[in-house]
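Undergrad: The residues making up each chain are set out below.
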Amino acid sequence: MKKHRWNLLALLLVLLLCAVAAGCGGGDEEGGGGGETTAEEGGEAVSGSVNVLAVWTGAEGEAFQAVLDGFKEQNPDVTVSYKSAKDPAAVLSTAVEGGNPPDVAALPNPGLMRDFAGRGAIKPIDFARESLQENYAQSWLDLGTVDDKLYGVFFKGVNKSTVWYNVAAFEDAGIEPPTTWDELLEAADTLKASGVPAYSIGGADGWTLTDLFENVYLRTAGPEKYDQLAAHEIPWTDASVKEALTEMGKILGDTENVAGGTSGALQTDFPTSVTQVYADPPKAAMVFEGDFVAGVIKAETQAQPETGYSVFDFPAIGDSESVALGAGDVVVMFKDTPASRALIQYLGSPEAQEIWAKRGGFTAPSKNVSEDAYPDEITRKAAAGLGAAEEFRFDLSDLQPAAFGSDAMFTILQDFLKNPKDVNGTAQKLERAAAAAYKG
Amino acid sequence: MTSAAPRVEFPHEPGTVPQPHRGAAWRGLLIPLGFLAPALLLLGIWMVYPTIATMWRSLFSDRGDAFVGIENYKRLFTDDLIFESIKNNALWVLIIPAAVTAVGLVFAVLVERVRWSVAFKIAVFMPLAVSLFAVGVIWRIMYQQDPERGAINAAFAGARGFVAEEGVLSRAQPSTEMLQGSPAQGFTFRRAVAPGAVAPLGLTAIRAPEIPEEAKDAVLPGPLENGITGVVWRDFSPRGGTTGKVDPGELGIPGATVELRDERGKKLDSTRTAEDGTFAFAEVPEGATAVAVGQGTFAAPFKGVNWLGDKLITPAIMFSYIWVTAGFAMVIIGAGLAAIPRDVLEAARTDGGTEWQIFRRVTVPLLAPVLTVVFVTQIIGVLKIFDLVLAIAPGSSVDDASTLAYVMWQRSFSGQNLFGLGAAISTFLLLLFIPFLIVNIRRFRADTK
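So the sequence lines, in the order shown, correspond to chains A and B.
Per the numbering used here, residue 1 is the first one in the first sequence, and the count goes up by one each step.
Per the numbering used here, residue 441 is the first one in the second sequence, and the count goes up by one each step.
I should point out that these hints are in silico values taken from the structure, not numbers from a laboratory.
Just to be clear, a hint being listed does not mean it is correct.
[What the hints assert, rightly or not] Label pairs and their calculated CB-CB ranges:
(1) 419(A) with 577(B): 21 to 31 Å
(2) 616(B) with 432(A): 14 to 24 Å
(3) 778(B) with 100(A): 44 to 54 Å
(4) 419(A) with 682(B): 51 to 61 Å
(5) 371(A) with 507(B): 50 to 60 Å
(6) 616(B) with 419(A): 21 to 31 Å
For clarity, every value in this text was computed on a predicted model and none was experimentally measured.
In this text, a Cβ means the ideal position worked out from N, Cα and C, and glycines have one as well.
Isolated chain A, as found in the complex (with noise of 0.2 Å):
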């Protein structure tokens, strides 16, 4: 017994000890954040320290604190922490909510800078705008613009618009990449009829369905309603809609050219659908994502550039123009200080962002990055697009709060993949579900 009440001591010493650890800790980062700084704005000599908080890990944590290194040049008296987090939304509203937040961080999308935006947590940016004009197109600043003031700087872009295909089975179809949309359903059927299905759809990720679709619709309906329906002015009920809907039923209702069916379909994850296109035998041809596929490639199979795998622009549908789909992480700043300001400012920078796009597995939004820093043709091919299509687009659904965007729309667009024939119903259950995320 007496040994016993030793133990429960001990350990209550130790839980205690963590208690005053952990909230001295707290202390520490909030002190540090205030930066004992002694140059002054913009000036070249800053000091203090930043901490910042991005989703990045893995190749791409140790690709960014490469950037961070290329910081620290420049300002050999700012220490930088870098940290990472899976979810980062959740994090930094949590830490906002307590009061304690990084001095900088990268967030996955526009929708949740203007939510912070909204309430006071992150500070304008205004004083980089000169500079950030230069290397940026107007449409990027304009997506980090809330009521006017610049609260956010895109740091990496992502260009939605490209499809990935097994190189191989598309020569063993005897086919080419298709341009056109009637093109890719003729090649479709090509594929199927040489047995292997055309399409992989990672449909247990909504999102990756959300870009499918918006994809379509950027293409039947345009950019200018494509805005409208970003901003909820005219409804999800829209004729324009179901046209998108029926077009993309033309793919996920080939349910014998989708990889596994149907229900294969609902239960492949993004990297599976990927995967299985390189896989042998290749269980689909082709896979409609982003330019972040080749990362994949390179991480988890064995296929290679040009002979093994290749990209394509997603197909003009009708005589749409050409327009493309992105997406991006953008840089805010939480606590104003010297050092925070020298940071936003250098991630802004082609500089900083060519450390990057070295390495691969990054797109630029500087348009002042040059074709060079890319490590490849497929790289540079893929990344390209971003910047050549005439009208760019940022990812409608992290346009949208989070309720839908991130929720809703997944689900919704789920059950379209499990019934594609339900186009009114489909516009009808986004409608309803996008009315009461805007009304909240």
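Guided by the hints, dock chain B onto chain A, whose structure is given.
TA: This is chain B only, laid out in the frame that chain A set:
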């Protein structure tokens, strides 16, 4: 179990209570308080304060800037997903505690009778040492539908492999509308056949490597005077070729079964194709009107049970939960079993009771208090089930598997930031817990007496 309740022991011996003088009453109170303080402090910081703060938070808007009264609770009962979650939670509470207790009891009783009982106990107990989230990840992979990825379906596919016969092709589609049917029934040529006919039976959707190696380029044979000839081939060349026609370079399919059928689809005669895919029936039996590629040609691959689909997802998660907790139940019940006085059992045996009678009328009633402990602990464990749902259910069916704890997390912390609603769900969940907590506390009190 009986000594689990903490007891405060006074620092002085009962016989040597100091003489009462001023301040003694204070000290009498202060000393136990001093010993209790660390525990009270920790409980206060991490249990009491968050509980009250959550209840208070549930009366405010999602951003926390406006008092909304019971508005969040109204939302709670009008949200479809939350309703689904309540339904699932009810299912869990109805099924799991009973199932876990039953499985634990069976294991505990049986384990006493097997040779390697310690090894068996360790094997059953082991899953409890694995984090629930890791368990979820393991089962998510094991439940995959594709037999090449999911262990469970792979086992089924393996078992099936012993029974099913292999065809030369695993799947195929007719290349033209002249052929109708499915791999399960075979493909029938639509034109009626008579002696002298030549039937081109083209198939597609076959990958080139699937065709047996000995295959040669397909040729359309000439007619036979009294018989029927034809060819079964892969009607595909790069860019598609001309469907329905034997193009140069297209391979015949050797070893396919070809059947002559009557009007009702009954098989009258059959043969196999040669290396170039050709076949010939020298004679035509009476009544034969159709020629078909028989189903024996195809071995439809086992597609796998859709464990992670919307229908089976909740049972699948439940099963993995039982896998984890059966060990816990077994150990607790096993301890209870060991405490049953042997003489009672022996008396029952001497009186001529069968094993089943003894189990039902002696063992189980004597174990009742232990079984209740397991049962109530499981109810509490099951009400808060979260990690397995998050880890096992894919995005497309997670709504069908959702539970209250999951939906609380999803509404508040997955980026939706509906903190007011989340706090209301948590409070509601706490209300559900209270009756079971009271039962458990009562039991502990009864035990210590």
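Undergrad: If a hint holds in the structure, say so; if it does not, say that too.
TA: Here's how the hints hold up against the structure:
no. : hint                           : verdict
1   : 419(A) with 577(B): 21 to 31 Å : holds (30 Å)
2   : 616(B) with 432(A): 14 to 24 Å : violated (45 Å)
3   : 778(B) with 100(A): 44 to 54 Å : holds (51 Å)
4   : 419(A) with 682(B): 51 to 61 Å : violated (36 Å)
5   : 371(A) with 507(B): 50 to 60 Å : holds (56 Å)
6   : 616(B) with 419(A): 21 to 31 Å : holds (29 Å)
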